[in-house]
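Participant: Spelled out, the chains give:
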Amino acid sequence: MEQHLRSDHHGLKQKKARGRKRLAPYGLTGPGVLWLAIFFLIPMGAMLVLSLETRIPTVGFRNSGYQFTWHIGEYSTAWAQAHVQFVRSLWYGAIVTIVTLLAGYPAAYWIAFKGGHHKTTYLFLMLLPFFVSFVIRSLAWQFILSDDGIVISNLERLHILPQGFHILSTSIAVIAGIAYNSLPFMVLPLYVSLEKIDRNVVEAARDLYATPGQVFRKVILPLSIPGIFAGFLLTFIPAVGDYVNNDILGGPNTTMIGNVIQRAFLNDQNYPLASSLSFILMVGLLIGILIYARVLGTRQIEEYI
Amino acid sequence: MDPTIDPAFVRGLTQRRFSRRDLIRYAGVGAGALSLSSILAACGVKSSGGAAGSESTAAFDWASQSLHHQLNFANWPYYIDVSHGTHPTLDTFTQKTGIQVNYKPVINDNQAFYAKLKPSLEQGKPTGWDIVVITNGAQLSELIDNGWLIPLDLSQLPNFTANASPTIKNPTYDPGNKYTVAWQSGFTGIAYSPRATAALGREPNSLNDLFDPSVAGHVGMMSDNTELGSIGLLKLGIEPSTSTPDNWTQAAAVLQKQKDDGIPRGYFDQGYINQLENGNTWITQAWSGDVFIAQQSGYPELKFIVPNEGVMFWHDNMMIPVGAANPLDALTYMNYVYDPQVAALMANYIWYITPVPAAKPIVATLPGGKAVASSPLVFPDQAMLDKTHQYYVYKGTSDLDQWNNTFDPIITG
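The listed protein sequences derive, respectively, from chains C and W.
The first sequence runs 1 to 305 under the numbering used here.
The second sequence runs 1001 to 1413 under the numbering used here.
FYI, nobody ran anything at the bench for these hints, they're computed from the structure.
Among these hints, one or two may not hold up.
[As the list claims (entries may be wrong)] Distance ranges between label pairs, derived from CB positions: (1) C/His159 to W/Gly1201: 48 to 58 Å; (2) W/Ser1064 to C/Phe39: 44 to 54 Å; (3) C/Phe130 to W/Asn1102: 32 to 42 Å; (4) C/Ala37 to W/Pro1126: 29 to 39 Å; (5) C/Val151 to W/Leu1385: 53 to 63 Å; (6) C/Val151 to W/Gly1098: 27 to 37 Å; (7) W/Asn1102 to C/Pro238: 33 to 43 Å; (8) C/Gln163 to W/Asp1269: 42 to 52 Å; (9) W/Leu1385 to C/Ala94: 19 to 29 Å.
Built from N, CA and C at the ideal position, the CB exists for glycine as well.
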């Protein structure tokens, strides 16, 4: 009887614990979900609504506000006005991602495998320039790379560059500016994934007479794919939406979609147009990323982002 | 300030290497959420502003106002006299009137600043400012049309009546100075470096030089579409203030061709002057005061000219937003800056066009003031004024949209 009671009591406890266990995931994801709802889903919905509104006709500049009219024409206007910039931004974003990957991988590799006791120091050094606001860093590049700046004018004097050469106001300047600013977002996830690789696995590959090249291609690179994936996300998405680097380093034919959206929102206060532009960009990126994630698989990735 | 030290020299040491307004402007990048909230507010608060019509403020009761000895003043950076970290004219004002001035150079961009004021004004809340300085243009028209400015009592501005330049009295954008009085004015013309002269084989003298293939890739145009469009109109010989949408299309075509020919280096905001200083551009659209400052701060080779076609004449204006806590203090200050002595001290620092012509002989007696007093860019003579053009005054939102849609594709293309 007593035993029965005790086991009953035990079962109750277990049930309670199981109940708590069942609720735990919701409790743990709650803040994240709430965050996404407040700062992503609701603004996204507001933007969608706004993009389908039209301005109420008014006298002069009197503030008449907007009314919801299901006016989808703004989307075709947006596409017609800015498809060049959309494509250009995706293109820039892709190049930036490749450049940062090529530049960041060796650095992350070196720190993870050869950093020894000073890994954190090297990482810190890597991040040090980024303690300065990225706007100021881009402005500094503008100053350094200007036509009469120390780099270009001296290289011209040494006849390494042709007279009248300039780098600012070109696509290269904008891509380089974004790539430079994105570097840590590529290096850090790469470093984490490389650092996590079990050194015994590498040892084993060597023991089996794999050449250094084979070790890298067959062991290290595949194991670091989650890092590449995370680095891609953290680099590509902000790069596509960037507008500051073009503002500071770009020229007449390097305008990115972010600049078009900024102008529509802040300068022209054409909220429906700006909203449709933003919405096209976000939905486009979202679809692209979902496909990408599907192809590369997301199970391991979650550990790295 | 030590009178033996050329104030221009000190400014050269202390002033921007980066564009003075750029840094603060981009500081907003991090605070993007802020602008988003104003956008959300804009879509959420529908037409509530319309209710506060201009009629309610037309009857502003100046007689019942009293001084609160407090003034919150929002202005543009480097737009008032500075000496040893203080503003002498503000200090004198406080001594004379007992009014403490909370002076903040927070305005970097008409549109962005207006976007910050707008949510408060729409909800009928005070903006926190007693005086703001905004350029004539769409934002000013919007403030006036929505009844968001307190009408001024000109009878309490005797200095304005006595000393204001005819160029800023009764302007087209605010007939009868009902809501605004000018702070400073300026010209939009052409600035160039000796390289432009070398490339062209002569001194630039015309807007056509901004379109000349021999300076291709080194021409600075402005990203402000009012400035850009106006230059396009002037080049075609069309008076911007009386232009029609058809004219705009013609001007846009000229500017588009300029771009297609690879002539502009870029479309710049306040940073245009750095582009010129750094040799990226050789010839550029420019604001008169900036070039004067650049000359005094290490770039004496830069020149500002009034092209044959003329210059655009703009005005930055003081105004009192509705809901201001201290309107009488604001009005007192507005009257104060139209005192020629005060205007002279400011003109000697700001180097744009002072609204008080009588300040000229006083400026000439100030340290470093001779060059300032003799500059037609600070004290324009009649010959200079004859070459000025007025901006198109947007009639309303749809009008402005049309202008934007005409010229924006060139800038963001």
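Participant: A separate judgement is required for each hint: does it hold in the structure or not?
Facilitator: Each hint tested on the structure:
As the Cβ distance of C/His159 to W/Gly1201 is approximately 25 Å, the hint placing it in 48 to 58 Å is violated. A hinted range of 44 to 54 Å holds for the C-beta pair W/Ser1064 and C/Phe39, which are about 46 Å apart. At roughly 35 Å, the beta-carbon separation of C/Phe130 and W/Asn1102 lies within the given 32 to 42 Å, and the hint holds. Checking the proposed 29 to 39 Å range against C/Ala37 and W/Pro1126 shows it holds: the Cβ atoms sit about 33 Å from each other.
The supplied range of 53 to 63 Å is broken by C/Val151 and W/Leu1385, whose beta-carbon atoms lie about 44 Å from each other. For the hinted restraint 27 to 37 Å between C/Val151 and W/Gly1098, the CB-CB distance of approximately 56 Å leaves it violated. Under the hint 33 to 43 Å, the C-beta atoms of W/Asn1102 and C/Pro238, about 38 Å apart, fit the expected range. The given range of 42 to 52 Å is broken by C/Gln163 and W/Asp1269, whose C-beta atoms sit roughly 29 Å from each other.
Range check, W/Leu1385 to C/Ala94: about 54 Å between beta-carbon atoms, so the 19 to 29 Å window is missed.
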